[in-house]
Every structure is written in structure tokens, then in C-alpha cells.
Amino acid sequence: MFLKIVPLWRKGLGELKNVIQINPPGPLLKKGGILFLSISFIIITGCSSPYKNLNKIEYSPDQIKNIPYALPFSEKTLIYKTNINFYKNDISGLLIIKKMDENIYRIALTTQFGLKIFDFGLDHGILNVKYCVEYLNKKLIINTFQNDFNLLLMQNKSESLYVINNSIKNQKIWQFASGKLSYNYIQNTDSEKIEIINLKKQNSEKISVGLQNYTDNIPKNITIEHRNIKLKMNLKLIQ
Amino acid sequence: MNRIYKMDCHPEFIEGWQIRFSKKNNNVLTKLNMKVIFFFSFLFLSGINNLYAQEDGFKQVQDINKAETELAKLSENTQSIQSKFVQEKHLSFLTENIISKGEFSFQSPNQLRWEYSEPFEYIIVFNDKNIYIKDENKISTFDTESNKMFAEINNMMIGSIQGDLFTDRERFDVKYYENANQYLLELDPKLPEMKSMLKTIKIYIDKSDISVAKIKMIESSDDYTSIDFTDKKLNQPIDNEKFNLK
Chain B
1 MFLKIVPLWR
11 KGLGELKNVI
21 QINPPGPLLK
31 KGGILFLSIS
41 FIIITGCSSP
51 YKNLNKIEYS
61 PDQIKNIPYA
71 LPFSEKTLIY
81 KTNINFYKND
91 ISGLLIIKKM
101 DENIYRIALT
111 TQFGLKIFDF
121 GLDHGILNVK
131 YCVEYLNKKL
141 IINTFQNDFN
151 LLLMQNKSES
161 LYVINNSIKN
171 QKIWQFASGK
181 LSYNYIQNTD
191 SEKIEIINLK
201 KQNSEKISVG
211 LQNYTDNIPK
221 NITIEHRNIK
231 LKMNLKLIQ
Chain L
240 MNRIYKMDCH
250 PEFIEGWQIR
260 FSKKNNNVLT
270 KLNMKVIFFF
280 SFLFLSGINN
290 LYAQEDGFKQ
300 VQDINKAETE
310 LAKLSENTQS
320 IQSKFVQEKH
330 LSFLTENIIS
340 KGEFSFQSPN
350 QLRWEYSEPF
360 EYIIVFNDKN
370 IYIKDENKIS
380 TFDTESNKMF
390 AEINNMMIGS
400 IQGDLFTDRE
410 RFDVKYYENA
420 NQYLLELDPK
430 LPEMKSMLKT
440 IKIYIDKSDI
450 SVAKIKMIES
460 SDDYTSIDFT
470 DKKLNQPIDN
480 EKFNLK
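Top line first, the protein sequences correspond to chains B and L.
Just so we're aligned, residue 1 is where the first sequence starts under this note's numbering, counting upward by one.
Just so we're aligned, residue 240 is where the second sequence starts under this note's numbering, counting upward by one.
These are computed hints drawn from the structure, not numbers from a lab.
As the structure is a computational prediction, the values presented were derived from the model and not from experiment.
Even glycine gets a Cβ: it sits at the ideal position worked out from N, Cα and C.
There could be a bad hint or two in this list.
No farther apart than 30 Å at their CA atoms in a straight line, the calculated lysine-lysine pairs in the DSSO-like style are these [said to hold, decoys possible]:
1. B/K99 x B/K65
2. B/K232 x L/K387
3. L/K373 x L/K453
4. B/K99 x L/K387
5. B/K230 x L/K340
6. B/K180 x B/K193
7. B/K130 x L/K340
8. L/K429 x B/K139
9. B/K88 x B/K200
10. L/K373 x B/K236
11. L/K323 x B/K220
12. B/K76 x L/K455
13. L/K481 x L/K312
14. B/K65 x B/K88
15. B/K193 x B/K139
16. L/K373 x B/K88
17. B/K236 x L/K455
18. L/K434 x B/K88
19. L/K373 x B/K98
20. L/K377 x B/K88
Short, incomplete list of chain L residues facing chain B, as computed with Cβ under 10 Å [as the list claims (entries may be wrong)]:
21. I372
22. S379
23. I392
24. M396
25. I397
26. S450
27. K453
28. I466
29. D470
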């Protein structure tokens, strides 16, 4: 055939040239070929970034404080009652988040009885382990926690900040971009709150965070979910 | 500590001592007394007195046999306990401790219920080999065979209350202290798994009724959890339903 179509899952991930290779069409297949090409093009365009046709404005990174989200900046000790489902493990306890300085945090999880499960320092996006129970102290798990807390506390390194207005969905998207990665803080323009945070690699979602019931721009309920590993965290503010 | 000893060696201070013992000058003596008072208050405030005795005036038990005979009553004195508790979690990086409260029930030999009511609701029941947890109206059931961490907590709690823990010389090094009102037992874990979690368990026992008043679990980082038992009711019947969650 003249058209070489890549599998469905590749669609929308790469440049157009990676998706379709066109050989000069023969006279008989010319019409049909063009029609097929047009349909493919429509499908492919439909699968690409949902923000593509939206108005995107570049902001200066110091506009970060204009995002209506105070969790990373709160001087108070925040305590969330937390459930973690990690494959077949259920871990429950209290998650304590304390801002020590600009971009420096302590994050600890204790059981209801008080014993520590982990105690992490987060310093400009780098997580260091002060204490961690043996069964969680694995490189892969620690990296996962680093990604999650960086997303929650807006500690990701990024080159640029964009604001995208999606008036159809009533969303204002604060997007931090870094290479193939984008960190999206999605504000509901009705409630004026950040209700969704996600981490995307190209256009596939890796981590998704739901935030509800805000007081003083701090969410009382947070759900963190991973798409490629079975990890889910439920947080409920108690202090 | 160095800083404190420097104060001790302050030239004026040493001079003061010499004057006190050689010249016996009254004026200087008054001055010196002030300094001595100041020095000891400083020691007291800085917590250095812990070097000489345990906190709250606890001293090492002289008559170990007597203490052991007394403490052997612990298990029969506490066939059942109902009490309120206040739990305090100290983390070095926080200025204030995290406080939670609730009710506690124990029925010998192996039924235990912790019910947290503030600032969150959470119930955990140990009943023989079963563990029930009620968390926001969701009840989960485990068994101690499959959940080693809970099994360890259960053993530790029941062991502390019933006194089995401080006769377990294979797992703990035990030191005995006392003051006028309480015995204090300091348990240092010997086994590596336990050691990685806890440095010391301190158990405070009221002398008046030989029952546990407080448990303090100190982690290797010196962060600790202390649990104070108040309004204790000993050896009164407890409804068996308390140890079943449905």
C-alpha cells in the first residue's frame, strides 16, 4: 500500500511525519488515497493536544504566586489524614507537611499510633530520606513520592509558564513546561480554585490530582492517582 | 554541654569559690550564693540534671526484688481496663506536638480496643488473632499472621499493660526507676527489627494501684509518642461487643 499507518496508540504522540509515510500515489488510488489521508489527518489532529487551539500566553515564572493555590506557601503545619493504596498494601496515618523555608519542606507520615512511616526533606525539588520504614525505602518508591510531592508543592523545575484559557470547559490552565513534561494546574473559572493538577509527558497523563473543599486557598480533600502504577493517595485535612 | 561547663570555669566564679573557702568574707559569700543559685537554676532549666537522675525526680530502684514483686501484681490488677487517653506526638521539626484523644479498653488476655475521637475518628480492635479497623465508616479486617506490623503493635501494647514486656529479657534490656508516686521502666529493644523502629520504651506505673499511667515510645531520631491514660476503671466488666466491629 501507499500509506503506512502506525498503530493507534502512537497517534497524537509524534510529529505527523512519524505517523504517515506517503509514497507518490498511483493514478487509480489517487482519489481514494487523498480522501483517506484527509480522514487520517482529521483523526490525528483530533488526538493531539487538547490545548492546541486555545489561546496560550506566556507568563513570567514569578507569576506563580498569582495561582490561587496556597498549599506550597502556607506557614502553618498542615496535617492530613492519609490513606495510601499501593498495589495490595494499605497504609494509613497522618501526613504532616511543614514549610521550613522558601522551597524547603519536611514531609512526614506517621501511623495513628504515632510511629513514623517516613520522614522526608524536600529541598528545591530534591527529596532526601531522613527516615523510612524498610518496605517503602526503595528507589522507585522514593522517586514516586518525590514526583508526587513536587507536583503538590509546585517544586518542579520548568523553563516556562503559560496560561491557557479554555472557556468551553470554564478552565484557566497554568502550565509549567519542561521539555516533554508539562505540569498543569487547572483552575475552575467559576469557583476560582485549582481543582485538578496533572503531570503529562507529551500528551499522556502520568499523575492526576483532584483537589476539593478549599479554605484560604488550601484544599481540604486531595486525591493523588498514578496512571502507570497502582498507587492512590487520599488526603483529608484535619489541621 | 561545653557551654555550660565554660560558665562553671568563669574566672570570677572560680575566684568566688576560693574566696568562699579561704577568706570567708560575708559580702562575697552572699554574692557567691547568688551565683550558686543562678548556676543550679541554669542547670535545672537546661535539663542537665538528667545526668544525675531521671526526669521528674526518678531515681534508680534500690530494691529490685521488692519492685519486681510489686510489678508482678500488674497483670492481676489489670484483668480489664477502661480509660481515656491523650496521645502526644513529638517531631523535632515541629514547634508544637500533635495531640490526639480517645478511649481505650482492654480485656485480658488478648482483647484491645483503641478508639480515636479527636481530631479524627479511627477505631482499631485487636481480638485474639483478628484485627478490625474502622476508618470513616469503612471496616476492614486483617489477621495478625498476615500483618506483622500490627501484630508487633498489639504485642507491645498488651505486653506493656500486662507487664510481659519487661520480663522478656531476650527482647529487652530493662532498667528500673522510681519516684514517690510511680515506677518507671525503661526498655531498650535488643532485636534489630525492633531497634530500627524504637530506641526506648518508657512505661510509667502508678504505685497507688499498680497500673500503667503512661507509655512513651522514643524513636532512634529522638522523636517520640507518649500516651497518657486518665480516668482509669480497673477490673470492671466490659461489653464483649466492644471487641467486635461490624
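Structure-based check of all given hints:
1. B/K99 x B/K65: holds (16 Å)
2. B/K232 x L/K387: With Cα atoms ~23 Å apart, B/K232 and L/K387 stay inside 30 Å; holds.
3. L/K373 x L/K453: It holds: about 25 Å lies between the C-alpha atoms, which stays within 30 Å.
4. B/K99 x L/K387: violated (34 Å)
5. B/K230 x L/K340: violated (33 Å)
6. B/K180 x B/K193: Since the Cα atoms of B/K180 and B/K193 sit roughly 26 Å apart, the hinted pair holds (cutoff 30 Å).
7. B/K130 x L/K340: holds (28 Å)
8. L/K429 x B/K139: Holds, at roughly 29 Å.
9. B/K88 x B/K200: holds (26 Å)
10. L/K373 x B/K236: holds (16 Å)
11. L/K323 x B/K220: Holds. L/K323 to B/K220 sits at ~29 Å (cutoff 30 Å).
12. B/K76 x L/K455: Holds - the C-alpha atoms of L/K455 and B/K76 are around 27 Å apart, at most 30 Å.
13. L/K481 x L/K312: holds (26 Å)
14. B/K65 x B/K88: violated (39 Å)
15. B/K193 x B/K139: violated (34 Å)
16. L/K373 x B/K88: The given pair, whose Cα atoms are some 18 Å apart, holds under the 30 Å limit.
17. B/K236 x L/K455: Satisfied, since the Cα-Cα distance of roughly 27 Å is no more than 30 Å.
18. L/K434 x B/K88: With a Cα-Cα distance of about 27 Å, the restraint between L/K434 and B/K88 holds, given a limit of 30 Å.
19. L/K373 x B/K98: With Cα atoms ~28 Å apart, L/K373 and B/K98 stay inside 30 Å; holds.
20. L/K377 x B/K88: holds (17 Å)
21. I372: holds (8 Å)
22. S379: Interface hint status for L/S379: holds (7 Å vs cutoff 10 Å).
23. I392: holds (6 Å)
24. M396: With a closest approach of 9 Å, the L/M396 hint holds.
25. I397: The hint is violated - L/I397 has no Cβ within 10 Å of chain B, the shortest such distance being about 14 Å.
26. S450: Violated: closest Cβ of chain B sits about 20 Å from L/S450, beyond 10 Å.
27. K453: violated (13 Å)
28. I466: holds (8 Å)
29. D470: violated (20 Å)
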